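Sequence order for the protein chains is B and S. Quick note on UniProt numbering: the first sequence kicks off at 1 and runs consecutively. Quick note on UniProt numbering: the second sequence kicks off at 1 and runs consecutively.
Hint data in this document are derived by calculation from the structure and do not stem from the laboratory. From a predicted model like this one, the values you see are computed outputs, not experimental measurements. Virtual Cβ for every residue (Gly too), placed ideally from N, Cα, C. Among the hints, a few may not be true.
[To be verified] To give a feel for the contact side, a few chain B residues facing chain S, derived at Cβ under 8 Å:
{"#": "1", "residue": "118"}
{"#": "2", "residue": "135"}
{"#": "3", "residue": "197"}
{"#": "4", "residue": "356"}
{"#": "5", "residue": "361"}
{"#": "6", "residue": "392"}
{"#": "7", "residue": "396"}
{"#": "8", "residue": "403"}
{"#": "9", "residue": "480"}
{"#": "10", "residue": "482"}
{"#": "11", "residue": "484"}
{"#": "12", "residue": "485"}
{"#": "13", "residue": "487"}
{"#": "14", "residue": "491"}
[Unchecked claim] Covered stretches of chain S (in silico footprint by chain B; criterion: 3 or more residues with CB under 8 Å from a CB of chain B, positions within the stretch not fixed):
{"#": "15", "stretch": "133-139"}
{"#": "16", "stretch": "200-211"}
{"#": "17", "stretch": "396-407"}
There are 2 protein chains.
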Amino acid sequence: MPQALPPTLAEDVLNARIRLPRLRERITTPEAAAAWVKDGMTVGMSGFTRSGDAKVVPVAIAERARQSPLKIDLITGASLGNDLDKILTEAGALARRIPFQSDATLRGAINRGEVMFVDQHLSETVELLRTGQMGPIDLAIVEAAAITEDGAIVPTTSVGNSASFAILAEKVIVEINVSQPLALEGLHDIWIPGRRPHRDPLPLTSVSDRIGSTAIAIPPEKIVAIVISDKGDSPANILPPDEETAAIAGHLIDFFANEVRHGRLTPSLQPLQAGIGTIANAVLAGFADSPFHGLTMYSEVLQDSTFDLFDAGKLDFASGSSITLSAARGKEVFANLERYRDKLVLRPQEVSNHPEVVRRLGLICLNTALEADIYGNVNSTHVYGTHMMNGIGGSGDFARNGYLSIFATKSVAKNGELSSLVPMVSHVDHTEHDVDILVTEQGLADLRGLAPRERARTIIANCVHPDFRDALSDYFERACLRGGHTPHILEEALSWHTRARDTGTMHATKRTLKVA
Amino acid sequence: MPQALPPTLAEDVLNARIRLPRLRERITTPEAAAAWVKDGMTVGMSGFTRSGDAKVVPVAIAERARQSPLKIDLITGASLGNDLDKILTEAGALARRIPFQSDATLRGAINRGEVMFVDQHLSETVELLRTGQMGPIDLAIVEAAAITEDGAIVPTTSVGNSASFAILAEKVIVEINVSQPLALEGLHDIWIPGRRPHRDPLPLTSVSDRIGSTAIAIPPEKIVAIVISDKGDSPANILPPDEETAAIAGHLIDFFANEVRHGRLTPSLQPLQAGIGTIANAVLAGFADSPFHGLTMYSEVLQDSTFDLFDAGKLDFASGSSITLSAARGKEVFANLERYRDKLVLRPQEVSNHPEVVRRLGLICLNTALEADIYGNVNSTHVYGTHMMNGIGGSGDFARNGYLSIFATKSVAKNGELSSLVPMVSHVDHTEHDVDILVTEQGLADLRGLAPRERARTIIANCVHPDFRDALSDYFERACLRGGHTPHILEEALSWHTRARDTGTMHATKRTLKVA
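Isolated chain B, as found in the complex (with noise of 0.2 Å):
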């Protein structure tokens, strides 16, 4: 193959691209980046909720595997775009695959055993990385807006992992991404704690507090390629809200505007945290014609959502740790990115969902539950107990350490075949412990202070399906005549799970349901 040319770049953008000059003699192909990448390395990309990803690097490793076997394994901050995850799968290039993923093909190899995955709290990853607890780190990739005068590596639309994968790595690829606007320069704060036991407090005591610097600062020799990109991000591929999201921000605000009646929040809330997805992002969309107003957010994603809420006046500021937005949301706001500039921060993620300032700030957290018991256990990961959709990600790192933790789901699923309140789940992420509102469409259970009964008695009386109500009701009251303080008839309690799995439905066939 020949070897091609890397791109020139206009002398002003690379004036202002690659401030540093002695570092414009690293800039190369794609190809020629990808061949620092050996087979057994374990490598550091960015990217997280399909944001500020390395988009041509890792296109030129898969081109390598497909030619010759090589095996690495992949950590991120979390979820790539640009079908990232899918070409590297494809091409054999995956061992193993850290902490996150959300797509449809490595989540096949995923369930075949063929790569491995570790399903991590994103708040953990570079603390295991940073004690020698998971190897070392061999190889960084990194997506920048910009290199400093100092060689400091400015991220784009996501922090993530990148700041550690940088500067624990023995070497550093950076892609230049010139679609990127140089104007997200100033939006970051990067702050990387000290080694313990000696570590001193997170000097962040609110939503908008900057602690450290714009920039990544790492050594500039340690940078052995830049590659020039212009692929822009994966836009958000989250559903527009509909009726049953609206529903369950109806429940949601009615809940909060209760807690502010009752003297336990005050209109601006606590600050929040929502999880990626069509429902979180629903519910912070509700609250634009809420009665609250200066709301903050704390959290790792910031979605559309965000932005309304900006654009409505009821949020003051927006902390997060990736931007992902919908095609025409991004075009909008990246265009006028200085309206929002003051209001905005991205952090590291494990600043954005460190358990600390999580308690600290006191957050309120929604969750998405794929699906969840009458106790209140979720499972946001398992399909059937056994196969991953995407992972725990942040959620384990806010439901945990949070002021308020809240799960939704809607109350069904393929059509009405599926409850998503089951007897028992069939993978836990988030126990009883963790999990103070479960809310669907049909209404929400406030769990705080109940003994299990009590909650079981609240979620299937508020959050069930009527067509599911009746047997969820009569599976808790038999096991309730066994005993315990959790009841359950251990060889029934994932019987609805085997029966989808095996027909389709949880729904008993009518004929069962006159015989039990």
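Given chain B's structure and the hints, the job is docking chain S onto it.
Frame of chain B; chain S shown alone:
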């Protein structure tokens, strides 16, 4: 019943124990103090791991409940001694019990659904109370070594939630326990976090830091009654080390030695947390003959082993929320408290268990599993998935946020009839994300950075008793044929539990094994 008179204290004792003279008129009988309790009240009582509990007023409350209906919601630090939970349960005085218990009689009532038990992470209870999310505390009943010149309460052998109870309650009853040494004064470090969202960092950066005051400051007029007591703490009821717990300790010490060899730990390791109980105590005791030195503890309960390690010159400092010792060791330690007082501090349980501090100090966390599954999910609380033993306690605070999360258990129970390693745990308290190391007397599984299938192979090879290894391996291999990130055969996943529940053993008959 004739009204008894309160005991008369010698003048010097009175001067030393109740140093604010005007409070002395509040001295009364347990019966009169108990009259402050009304039906339906929420009462916060001192007591953590059988230490520092209010001892005589609760008995008088039980007596009142026996005379006429009286039910309270009882919140403590953790478990009570002196059979208090038994006495209160038998008197029908408990409507609700929060956040931990370890009493057989109460356990029975919980499992029959008669007492609503709210099993909570120990660091969270007072956060919920402080924000009004769990109702107001009507009355606090707190054991004290003394009341200071300012009317502040000097706790005894535990702090637990006592400080926040006294601060938040409308009225406070103090039990002055003259059998608790006055030398306890100065051992405590009372620090209460501010209101969110504008809370300052918790200013503790070393296990030995003192950040608060030595007594609980409250307006003295809130003290409505003072009762004199001389009943001792119940001694720890842990068993001495045996062959298996010694083997567990050995595996862990080998593991730590290897971490030191690889430069991931120094010979003083990281601050240690150890859950209450026989196994954790035995493991800590094992450090006395280890190559490690300059150790520190940042834990919730300080047991015999803590003082053994002090005496062995291995331990430099220990921070806890309570001291719970065997009868012999307790006598010795409290008679010679001067020997240890510069090396000890007792903190509120929300500080000892605070996610912020647990993460900042980077604790090595050792807790006990009731059972674990092949993927490393841990059940700490529920027998056969339904029946509560004690509660989750602080294990979740530590396991989620620490540097290294270790769970230990003997590989079999009930004379080898039950395997502590099962296909799927019947209840999840700690998810695989929070379990780094699993150790039994058989060996140690280092699960860091492993995917579920790798975790399963490691656990089966290292931790499972030989009598169950083939059966577990067979389950896992057959589950893998069905695919999935976390392979399971749902209809069989809990069959070991139902078999044990129904037949007393998890062993399949030989015939079944041959057929399979």
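* Numbers of unmet hints, in rising order -> Of the numbered hints given earlier, the structure breaks none, since each of them holds.
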